[in-house]
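First to last, the sequence lines map onto chains S and R.
Under this note's numbering, the residue at position 152 of the first sequence is numbered 160, and the numbers go up by one with no gaps.
Under this note's numbering, the residue at position 409 of the second sequence is numbered 417, and the numbers go up by one with no gaps.
Rather than coming from a laboratory, the hints here were simulated on the basis of the structure.
All C-beta atoms in this analysis are idealised placements derived from N, C-alpha and C, irrespective of residue type, glycine included.
Don't take every hint at face value.
Okay, the calculated bits of chain R under chain S, using three or more residues with CB under 8 Å as the criterion [what the hints assert, rightly or not]:
| # | segment |
| --- | --- |
| 1 | 42-48 |
| 2 | 57-63 |
| 3 | 229-235 |
Pulled a few chain R residues facing chain S out of the computed Cβ check, cut under 7 Å [to be verified]:
| # | residue |
| --- | --- |
| 4 | Asp31 |
| 5 | Gly33 |
| 6 | Ala34 |
| 7 | Glu36 |
| 8 | Gln191 |
| 9 | Gly247 |
| 10 | Arg248 |
| 11 | Gly249 |
Quick list of simulated restraints, FRET-style, between CB atoms [unchecked claim]:
| # | chain 1 | residue 1 | chain 2 | residue 2 | range |
| --- | --- | --- | --- | --- | --- |
| 12 | S | Glu53 | R | Ala121 | 30 to 40 Å |
| 13 | S | Ser21 | R | Glu452 | 31 to 41 Å |
| 14 | S | His240 | R | Gly480 | 53 to 63 Å |
| 15 | S | Glu452 | R | Val408 | 53 to 63 Å |
| 16 | S | Met138 | R | Asp282 | 44 to 54 Å |
| 17 | R | Ala63 | S | Asp86 | 56 to 66 Å |
| 18 | S | Gln160 | R | Glu83 | 26 to 36 Å |
| 19 | S | Gln160 | R | Ala63 | 58 to 68 Å |
| 20 | R | Pro482 | S | His240 | 52 to 62 Å |
There are 2 protein chains.
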Amino acid sequence: MSPAPDTQTALASLRERLAEIADLGAVEMLLEWDQLVMMPSQGGESRSHQLAALARIAHERATAEEIGGCLAELEGADLDELERDIVRVARRDWERARRVPAELAAEIARASADGQEVWQRARERDDFAMFAPALERNVALARERGECLAEQGQSAYEALLSDYDYGLTVADLRRVLGGLAEQLPALIDDAERHSPERGLAVPVEAQRAAVAAIMARLGVEESSWRVDVSTHPFSTWIGRGDSRITTRYDDGDVESLLSSLHEYGHALYDRQVDSALDRTNLAGGTSMSIHESQSKLWENHVARSAAFAQAMAGELTAGGFQVSAEDLHASLVRVKRSPIRVSADPLTYPLHIVARFELELALIGGELVVAEVPDAWQETMRRLLDVEIDSDAQGCLQDVHWSAGAFGYFPSYALGCLIAAQVWEALEAELGPREEDLREARVEPIQRWLRERVHRYGRRLDTMPLVERATGKPLGIDAFLRYVAPLAGR
Amino acid sequence: MSPAPDTQTALASLRERLAEIADLGAVEMLLEWDQLVMMPSQGGESRSHQLAALARIAHERATAEEIGGCLAELEGADLDELERDIVRVARRDWERARRVPAELAAEIARASADGQEVWQRARERDDFAMFAPALERNVALARERGECLAEQGQSAYEALLSDYDYGLTVADLRRVLGGLAEQLPALIDDAERHSPERGLAVPVEAQRAAVAAIMARLGVEESSWRVDVSTHPFSTWIGRGDSRITTRYDDGDVESLLSSLHEYGHALYDRQVDSALDRTNLAGGTSMSIHESQSKLWENHVARSAAFAQAMAGELTAGGFQVSAEDLHASLVRVKRSPIRVSADPLTYPLHIVARFELELALIGGELVVAEVPDAWQETMRRLLDVEIDSDAQGCLQDVHWSAGAFGYFPSYALGCLIAAQVWEALEAELGPREEDLREARVEPIQRWLRERVHRYGRRLDTMPLVERATGKPLGIDAFLRYVAPLAGR
């Protein structure tokens with residue numbers, strides 16, 4: 009039996025609106041990609057206007073009264089499973105978008121732009137006082153926004169988390185991040201004793217050749233991918249058949265291999281969402297932490313494996329830089345504590361996130377005032393990582409997130425590491441160890457398993473239910489601890 | 009005295025709406041540029057959806073009731089000169105956009121997409137019958153649209169002309185294109201006798217080096233320009249500080265130099281519009297024919313000059329291809345009649361346009377039926393150019409325009425040649441002969457003159473008034489005839 013005529017009309021109208029919102033989102037992605045990869049530097053001011061126009065129209069469409077009308081008509085209607093998910097997530101998105109007053113959203117956008125601008129200068133000059141007023145404004149606005157979004161019993165911070173990971177609770181985070189804070193320090197002490205003194209320095213030309221060859225072996229072909237260079241590597245999905253990743257090259261390291269595998273993981277996730285979800289509200293990754301888990305899976309469990317190092321060393325050698333798989337692997341799993349998050353190794357990295365989580369939770373909760381952030385940062389980094397912070401530029405000014413008003417984003421980086429480890433264990437438990445395949449850079453079985461167990465759902469499952477469905481267990485830290493143990497020689 | 013409060017509000021609201029329409033237009037340009045230059049081939053379907061969403065929203069904004077409200081409030085208001093132009097052109101655009109019913113516009117868009125698709129296959133198979141139904145549909149829809157747009161006393165075709173060249177009349181076209189049909193054939197006979205047997209064939213690498221060097225000498229620097237490669241060269245203006253041109257390279261010719269100068273001319277026009285017009289309805293070129301005149305000026309009067317050939321020959325030689333300025337110049341002004349428009353020389357080119365003008369005027373007017381197009385094409389080409397058409401693929405199927413529903417566009421190509429010659433004469437009359445500067449690729453005085461006399465007006469002046477203002481004369485063919493005479497050895 010097909011649905012009643014009114015239901016059909018409402019569903020068709022809702023889907024048409026959601027398709028337009030999806031198309032506008034894709035256009036926005038393209039503008040941002042172009043800005044970071046192709047745009048001449050003087051085009052920035054025009055681009056801001058173009059992005060602002062799109063954001064305004066997208067917000068207008070996302071909060072349209074008519075969506076509410078369709079949703080009311082579809083309440084309790086007889087729908088199939090996919091339709092029910094579309095309607096459920098549409099209601100969630102629509103209600104969240106409408107809970108934030110337009111003036112507040114506009115003020116947040118301005119504060120974010122201003123904040124990033126002043127942050128950049130403050131970081132250059134190592135001048136926290138210069139940044140403090142912008143940070144205060146961002147904290148106050150984020151708190152206000154969190155209060156608008158909070159559901160029964162939620163704190164403002166928890167409501168902000170839902171921007172990135174719907175359904176995640178502060179209690180979840182305290183449990184897993186608290187566990188990491190307890191377990192990792194001893195492992196780090198051991199690992200530093202086992203790690204080589206310094207990393208590899210590979211000429212850019214050899215890195216380029218190896219990245220191109222490895223990407224080709226992973227199925228990156230030019231009819232549906234682009235691989236470019238940008239200051240900060242990123243991945244973007246413009247639409248079916250149009251995946252774009254970037255990497256960067258530096259003679260002093262071999263980071264391009266890690267970062268291209270990382271971005272490949274993000275891109276593969278978007279590509280492997282069920283095509284039936286294209287241009288609905290369910291396309292794309294379900295959350296920041298699942299997205300990050302997919303990039304970390306390829307970075308930590310593929311690129312940093314001893315087996316895959318053989319394939320990569322072969323390509324670097326073919327590209328003119330003679331290196332053994334053992335030396336390459338040792339360099340990629342080298343552990344060394346440092347004040348800087350973005351260059352941290354897989355073992356110390358999560359503690360950088362624990363620190364940020366503790367601090368931003370206290371900031372939004374009002375227990376930490378902005379003026380005390382530098383001291384609190386130093387104290388936290390000392391406690392968690394036994395690292396001394398010599399300057400705010402290398403400390404609490406190092407990341408862009410808070411300057412842009414993004415609070416609640418950091419945890420997804422650590423959750424990504426944990427989920428990646430748990431997913432990888434489930435994958436190997438079912439497919440068997442991957443060593444043999446990875447030595448030859450054969451990844452089709454991995455791609456297929458990920459599509460089936462993780463990717464295809466898109467936004468139909470939120471973070472926690474998806475982790476349970478894919479791995480058969482709730483999210484925990486054990487798999488991650490088993491992954492990092494060998495780095496500590498255990 | 010500043011305007012009354014209601015006037016101020018209406019003007020501010022109108023300008024805000026026009027700015028948004030301009031921003032959306034820029035976004036559309038970027039999507040099209042990306043599609044032709046960067047997009048992986050499989051991204052086409054998603055891109056169509058994205059472009060359709062933008063077109064729908066842009067049409068909605070351009071026809072908004074609220075614009076009518078602002079315009080009514082501003083009727084007879086006390087405005088400065090720029091404001092009066094903004095309001096005048098806003099009324100024109102708004103009324104034209106609203107005269108075409110949304111269903112007709114949507115049907116035209118579909119017919120255009122379908123038409124291009126079937127045209128491509130029909131051209132490959134040299135099968136006009138396959139294309140005929142799509143052409144019939146396009147002609148009927150264009151006629152219907154022309155009838156919606158026609159003002160008092162205008163034919164449907166003349167109304168369509170206004171899409172590309174507002175204010176241009178069929179009588180204007182008959183006068184100038186008729187004059188060309190009369191004068192050019194004898195010149196072509198003479199010129200063919202003087203022309204070298206074959207053109208130059210320059211290796212791609214030398215062309216690349218020369219194009220890069222010449223563009224740099226013309227002020228194309230990477231902070232506000234991009235130069236890329238695409239199948240068909242084009243120019244696009246994404247916004248202030250973001251000009252993008254493309255060229256193409258073929259070992260068998262030296263076309264990349266001409267085409268890059270041509271596209272440079274388009275780009276320079278957009279760049280040199282008064283920045284006070286940015287994000288208003290007056291930014292960008294005023295018409296297709298003025299735009300084409302700016303590209304033709306750089307292609308015909310700079311790139312094809314004996315003086316500039318010295319600069320280009322120097323760069324080709326530096327790029328590894330030894331050539332004399334004389335040989336290069338002779339190759340660039342070589343006249344040879346052919347059935348194909350896009351590769352035609354400056355002397356025969358306008359007659360290709362005269363043929364298309366005669367035929368499309370008759371098609372829209374109903375005097376020519378689609379089934380008779382192939383015969384009419386052959387007869388017209390024989391009469392005007394003394395060229396035999398062996399196949400429809402090399403005849404009436406060669407151009408994309410009619411398949412996309414673009415009728416009234418072709419004339420701008422010929423007008424561009426005429427206007428370029430007339431503008432160049434005015435420029436040299438004022439600045440003196442350019443030979444000495446062009447030998448050294450010094451073009452700043454040309455750029456400055458063009459900015460002052462042509463570019464800065466944007467859409468404030470329509471085609472004919474702008475020609476008169478810039479050159480002191482109404483549009484005619486004499487300057488063009490003086491330009492081509494030397495090609496015929498006269």
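How the hints compare with the structure:
Figure legend: the segment 42-48 of chain R, annotated as covered by chain S; annotation consistent (4 residues with Cβ-Cβ distances under 8 Å, at least 3 required). For the segment 57-63 of chain R, the stated coverage by chain S is satisfied: 5 residues place a CB nearer than 8 Å to a CB of that chain, which reaches the threshold of 3. As drawn, the segment 229-235 of chain R meets chain S at 5 residues by the rule of a beta-carbon pair under 8 Å; at three or more, the given contact holds. Here the hint on R:Asp31 is kept, as its CB sits about 4 Å from the closest CB of chain S, short of 7 Å.
This hint is violated: R:Gly33 has a C-beta 10 Å from the nearest C-beta of chain S, more than the 7 Å allowed. The criterion of a C-beta within 7 Å of any C-beta in chain S is met by R:Ala34, whose closest approach is roughly 5 Å, and the hint holds. The interface hint given for R:Glu36 is violated, since its Cβ lies 9 Å from the closest Cβ of chain S, which is over the 7 Å cut-off. The beta carbon of R:Gln191 comes no nearer than 43 Å to any beta carbon in chain S, farther than 7 Å, and the hint placing it at the interface is violated.
Look at R:Gly247: its Cβ gets to within about 2 Å of chain S, closer than 7 Å, so that hint holds up. Because the beta carbon of R:Arg248 sits about 5 Å from the nearest beta carbon in chain S, less than 7 Å, this interface hint is met. This hint holds: R:Gly249 has a C-beta 3 Å from the nearest C-beta of chain S, less than the 7 Å allowed. For the pair S:Glu53 and R:Ala121, the supplied restraint of 30 to 40 Å holds, since their beta-carbon distance comes to about 34 Å.
In this structure, S:Ser21 and R:Glu452 break the distance hint of 31 to 41 Å, their C-beta atoms being roughly 57 Å apart. The supplied range of 53 to 63 Å is met by S:His240 and R:Gly480, whose beta-carbon atoms lie about 55 Å from each other. Restraint check, S:Glu452 to R:Val408: a C-beta distance of roughly 41 Å breaks the suggested window 53 to 63 Å. Against the hinted window of 44 to 54 Å, the Cβ-Cβ separation of S:Met138 and R:Asp282 comes to about 38 Å, which falls outside the hint.
For R:Ala63 paired with S:Asp86, a C-beta distance near 35 Å fails the hint of 56 to 66 Å. In this structure the supplied range 26 to 36 Å is violated for S:Gln160 paired with R:Glu83, their Cβ-Cβ distance being about 54 Å. In this structure the hint that S:Gln160 and R:Ala63 lie 58 to 68 Å apart at CB is violated, the actual value being about 43 Å. Between R:Pro482 and S:His240, the C-beta spacing of about 56 Å keeps the proposed range 52 to 62 Å intact.
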